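Trainee: Listed here are the chains, written in short residue letters.
2 protein chains.
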Amino acid sequence: MIEDQIIDRIVKRIGRQAPRRSRRASPDLILGIGDDAAIVRPRAGADWVLSSDFSLEDVHFRRSYPPEAIGYRSLARAVSDLGAMGAHPEFFLLSISLPSERTGPWLDRFLAGMASASRRYSLQLIGGDTTRWAKVAIAITVIGRAACHRAIRRDGARAGDRLYVSGQLGAAALGLAVLRQKKRTGSMRFAVGSRCPKILRQHLYPAIPIELGIHLAEGKIASAMIDLSDGLSTDLARLARASRVGARVFLDRLPAVPVPAPLARGGLDAIDLALNGGEDYGLLFTVPARRAARVPGSFRGVPITCIGEIVPGRGVKLVGSDGRERRLAAAGWDPFRQKR
Amino acid sequence: MIEDQIIDRIVKRIGRQAPRRSRRASPDLILGIGDDAAIVRPRAGADWVLSSDFSLEDVHFRRSYPPEAIGYRSLARAVSDLGAMGAHPEFFLLSISLPSERTGPWLDRFLAGMASASRRYSLQLIGGDTTRWAKVAIAITVIGRAACHRAIRRDGARAGDRLYVSGQLGAAALGLAVLRQKKRTGSMRFAVGSRCPKILRQHLYPAIPIELGIHLAEGKIASAMIDLSDGLSTDLARLARASRVGARVFLDRLPAVPVPAPLARGGLDAIDLALNGGEDYGLLFTVPARRAARVPGSFRGVPITCIGEIVPGRGVKLVGSDGRERRLAAAGWDPFRQKR
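Chains V and L, in that order, give the protein sequences.
Everything in the first sequence is counted per this note's numbering, starting at 1 for the first residue and increasing by one.
Everything in the second sequence is counted per this note's numbering, starting at 341 for the first residue and increasing by one.
Extracted from the complex, chain V is given alone in its bound form (with noise of 0.2 angstroms):
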């Protein structure tokens, strides 16, 4: 039975490896993979967060990229959304669709990509689905485990707050816009895992800043969170708009990654990346003033980042280096628009 066969491949090479980060904390799998279900017994005193991610061929990933980074970065971008919450990653289910010329080696080499990234997050794969399929999609689900009421929501920013972002803003666009011209050029050639040029290495190999996240929930520190997946002005204006408030981001402070001076005579300008570049997965939250002398300048040695504040009222606003105002508009990645 090959579908048997392929789901025993998928179990042996990440089922069973990820080590559990604290065992007291951690719900009981009760039962793995292989039956109709999982089954978890989650402890008392602990809520669980859950989210869904597709990673799709030509949408968020080309056949052509190298099958560990697809694998890596589909459930990096999924544990993402814990990180956003601040929840310790628990577990996660694998739905994979593959044309039956990628059953073979591509398929372990993206499972290793997977498992590698399933070690990083402390991951355990309790279940999924399989099928053939003409174009290779990949639907992850991810389980995390928060205290009660400490997982951090977009919706409490208040006026007054301080903004914060982790890590370099366009880092991944920049890395998607470099094997982009590859391609054109047709240059295209990639390296795996650590040989990856650090250039293309957050788009290929996003780094979650999950630890960060934990922190700042656990010492109560945010009081809003989202994570950047479509763009600062896009995940901004949603953050705004579910605390039902405005921000003033300061152009000044953006921690935009430095784009080579080829690039940038080439037209790629490290604002608009750091603006509107989607897939960073870097952190964007808010701080009451009365806590931000708890804000680390760096965690792990991720840079964290003041970059604006919280007003009254709706919108976000732009502070250039003249101190003048204007409006920032949501242009960040939207899957519905024709953009990509």
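By construction, these hints were calculated from the structure, which means they are not laboratory data.
Hints should not be assumed to be uniformly reliable.
Unchecked claim - DSSO-like mimics (lysine-lysine), calculated; alpha carbons at most 30 angstroms apart, straight line:
| no. | chain 1 | residue 1 | chain 2 | residue 2 |
| --- | --- | --- | --- | --- |
| 1 | V | K135 | V | K12 |
| 2 | L | K475 | V | K182 |
| 3 | V | K220 | V | K317 |
| 4 | L | K522 | V | K135 |
| 5 | V | K135 | L | K475 |
| 6 | L | K538 | L | K522 |
| 7 | V | K135 | V | K182 |
| 8 | L | K657 | L | K560 |
| 9 | L | K352 | L | K475 |
Small disclaimer: the values here were computed from a predicted structure and weren't measured.
The hints should help you fit chain L onto chain V, whose structure is shown.
Mentor: Same frame as chain V, now just chain L:
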């Protein structure tokens, strides 16, 4: 923001309307759709049961199907895995990719069908993902609840147990065959919802015996259970392999769907449909002989039939009318074979 508008439509149509079967026993929904992730607070004394399912264009449905049926059956197929564990359905996450031309009335009709299934099976939508894509791909994760240690696995069958199925065998495969013939003759016309002809109903709007599964679990009646998703021959082989036992099926006892004479003359064989037709979504379960008296002849109008027995050893045998045994090969649906 068009993506956010689509999410709003999904929420409006199916997000907040599933009636809760039993408020006291249910986990509390702390935060539903609209944030990075959903938050649920499980109650003590319950296990959580989780399963994911793909429904993909050209694999699980055709583009020409009524959108109501695609929405209904996508969710029904997923909930069947909860039924097979004897779990109460609670929540689901819906990820859906859509071509642009399907984001209008098509999506509304799809959501109406899915809303109908969510009401029927008491499932509440708590999250998901949407994206634009050339193909309609639906990935659903369902979450159910079972009293601790009561969920029924595949691996509990023992030699001497009796073997039962619920419902008719081959009904969904017969409907699929009819649809294919109609397509060939160019007279493809579908009825929607309750106006759907009976012969197409189990394929387009599958009835899932979720209450029977719960009854068999909570009454501690069944020793092992699986849903008939890929066909009796394949699913029984899975149950027997997981339980490390063999099985004997009596040909004369199979509750095979009646095949109308014109279709039978065209080559459709009731026994082949009963043994190898997929997607019936009845329950296949085993019961120790001492508890056999507690198995009803029907449950909420669904017939229950004893079709065989569990025996020592390995492999599945089919016993003919003449008493002769032959090996029953697993010839149901496997997405990685080229059958469909």
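Trainee: Against this structure, judge whether each hint is valid.
Mentor: Hints, one by one, checked against the model:
1. V:K135 <-> V:K12: holds (24 angstroms)
2. L:K475 <-> V:K182: holds (28 angstroms)
3. V:K220 <-> V:K317: Status holds; Cα separation ~27 angstroms.
4. L:K522 <-> V:K135: OK: K522 (chain L) and K135 (chain V) at ~28 angstroms, within 30 angstroms.
5. V:K135 <-> L:K475: holds (9 angstroms)
6. L:K538 <-> L:K522: Between K538 (chain L) and K522 (chain L) the Cα gap is close to 15 angstroms, so the pair holds against 30 angstroms.
7. V:K135 <-> V:K182: holds (23 angstroms)
8. L:K657 <-> L:K560: Within the cut-off at roughly 27 angstroms; holds.
9. L:K352 <-> L:K475: holds (24 angstroms)
Comparing the model with each earlier hint shows no violations; every hint is respected.
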